[in-house]
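Chemist: Each chain is listed here by its residues.
Protein chains: 2
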Amino acid sequence: MPAICLVNGIEGGALDPLDRGLHYGDGVFRTLRVENGRPRWWEEQLAKLAADAARLGIVSPEASLWQADLANLAGRLADGLIKLLLTRGCGARGYRPPDAATATRILIHDPTPPVSDFWPAEGLNVRICDLRLSAQPHLAGIKHLNRLENVLARAEWNTPEIHEGLLLDATGQVISGVMSNLFLWRDGHLLTPHLEQCGVAGVARARLLRRASAAGIAVKETNIGLDEVLEADEIMLSNSLIGLRRVARLGEHTWPKPAISPQLVALFDA
Amino acid sequence: MPAICLVNGIEGGALDPLDRGLHYGDGVFRTLRVENGRPRWWEEQLAKLAADAARLGIVSPEASLWQADLANLAGRLADGLIKLLLTRGCGARGYRPPDAATATRILIHDPTPPVSDFWPAEGLNVRICDLRLSAQPHLAGIKHLNRLENVLARAEWNTPEIHEGLLLDATGQVISGVMSNLFLWRDGHLLTPHLEQCGVAGVARARLLRRASAAGIAVKETNIGLDEVLEADEIMLSNSLIGLRRVARLGEHTWPKPAISPQLVALFDA
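First to last, the sequence lines map onto chains X and G.
Quick note, the first sequence lines up with residues 1 to 270 if you use the numbering used here.
Quick note, the second sequence lines up with residues 1 to 270 if you use the numbering used here.
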């Protein structure tokens with residue numbers, strides 16, 4: 001089945017070639033998993049989309065418009081994903097954001113199970129990417145449409161045996177996976193890289209931090225070097241499609257069995 | 001007059017909402033000035049567009065296709081600008097570039113004189129932007145579609161008296177203007193920031209470096225700090241719309257009269 005696209009609510013609508021989302025990547029997005037005909041964590045994803053847009057000075061549409069788009073797809077949602085994109089819209093030429101722009105709202109439903117559904121249950125095989133993420137505090141944490149670093153990093157390998165790549169910054173700190181956030185379990189603590197200089201703060205990440213903390217687990221956003229990753233009792237990756245998945249191998253290093261991930265997965269999905 | 005858009009050669013064509021140019025900023029662009037019914041530096045711009053695309057692994061269309069687009073507009077080109085955009089096209093979901101993607105080719109003709117045409121002949125008034133450019137050698141120099149840093153920097157001021165902002169990197173080196181390249185004249189040397197870590201290498205910049213050098217002027221791409229900018233005998237900005245323009249004021253600092261710019265403008269336009 002092909003994807004269904006709604007552009008400003010219009011099914012099969014096309015994007016204006018003058019849209020700033022195309023010209024500058026001037027917008028934000030979220031990817032949601034559809035399960036049993038419903039997008040997972042809908043409210044939370046909409047809230048983060050709006051918060052990211054606000055950081056760029058993009059005025060979000062009323063949530064009721066997204067809700068109407070979703071209603072439009074009622075009975076047609078297959079297990080797969082929904083991607084929401086919000087751009088600053090069209091407007092005056094040049095980099096300066098127009099004084100009065102109407103954001104462009106795009107909902108895409110792809111009724112194909114994500115490739116990650118076919119990843120092995122026993123754990124993922126990851127690599128270290130050569131590309132180093134650049135530091136930009138004004139954009140760090142935002143799931144914006146400037147994603148060439150991710151594209152170039154993901155282009156570094158083409159072997160299906162490798163599921164994900166880890167991204168470091170120029171100082172050697174480990175930040176995330178190419179399409180996921182990173183968690184470490186070490187000495188009874190749940191650690192994840194802080195995202196003040198680069199990286200994307202996923203909804204799955206926020207959810208796990210919140211739920212683990214509520215369950216009495218010590219959680220910390222901190223600096224994490226590669227040595228600390230290798231010495232961790234377990235490492236895990238999260239995003240809205242995979243939820244939380246353990247890593248079984250990173251280069252020569254292996255983690256043969258889980259230390260905490262089953263408990264965290266349970267928390268996560270609860 | 002509204003803009004004319006050709007998408008893959010089709011006038012009034014729209015962009016597929018699945019295009020990677022929108023989703024990831026996965027593409028490149030050039031802006032050309034139209035004068036007397038002809039786009040300036042056409043061949044050179046096409047060559048740089050293709051070179052930038054190649055750095056991202058995007059296969060460029062035959063130049064004859066761009067040529068056909070231009071022919072399509074014959075007799076309809078008003079003084080203003082042409083923007084060429086080339087994206088990696090549509091393809092499989094996710095960051096990984098599809099094995100077989102057909103690039104999307106977009107030509108936009110905006111028959112409105114650029115705002116820079118109304119800037120004062122005696123020199124520009126520029127400011128220092130607060131935003132610091134991030135360092136990413138894999139993307140430095142490429143005029144790619146990930147331009148949120150430029151958007152945020154340009155949003156820092158809203159006063160028409162300020163014509164352009166200078167961008168520094170995190171180490172304090174001066175890199176460029178928000179939409180222009182920077183040149184300094186000092187002790188008989190023409191200096192411009194090297195663009196190995198960030199910034200966009202414009203066609204106007206390349207052209208001036210080449211022609212100045214051929215005219216026997218000592219030119220150098222180098223590290224340039226803010227002090228060196230303030231102590232320069234003259235500072236100038238270049239891009240394909242403005243050509244080369246002198247700066248008359250940067251904050252409290254003024255350069256009351258030209259030192260070299262008239263000669264360089266002559267070289268540049270020759």
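In case anyone wonders, no lab produced these hints; they're calculated from the structure.
Predicted, not measured: the structure shown is a model, and the values here were computed from it.
Some hints here could point you the wrong way.
[What the hints assert, rightly or not] In the DMTMM-like style, the derived pairs of lysine to aspartate or glutamate whose C-alpha atoms are separated by at most 20 Å in a straight line are: (1) Lys83(X) with Glu156(G); (2) Lys83(X) with Asp130(X); (3) Lys83(X) with Asp110(X); (4) Lys83(G) with Asp16(X); (5) Lys48(X) with Glu62(X); (6) Lys257(X) with Asp110(X).
Chemist: Please work out if Lys83(G) and Asp16(X) have their alpha carbons no farther apart than 20 Å.
Modeler: The hint holds at about 15 Å.
Chemist: Does the structure keep Lys48(X) and Glu62(X) at a Cα separation of 20 Å or less?
Modeler: Distance ~14 Å between Lys48(X) and Glu62(X) Cα, so the pair holds.
Chemist: Can the restraint linking Lys83(X) and Glu156(G) be considered satisfied, given a maximum Cα separation of 20 Å?
Modeler: Status violated; Cα separation ~30 Å.
Chemist: Does Asp110(X) lie within 20 Å of Lys257(X) when you go C-alpha to C-alpha?
Modeler: violated (34 Å)
Chemist: For a C-alpha distance cap of 20 Å, please report whether Lys83(X) and Asp110(X) respect it.
Modeler: holds (8 Å)
Chemist: Could you grab the alpha-carbon distance between Lys83(X) and Asp130(X) and see if it respects the 20 Å cut-off?
Modeler: Measuring from Cα to Cα gives roughly 28 Å; hence the hint is violated.
Hint compliance for this structure: hints 1, 2, 6 are not met, and every other hint is.
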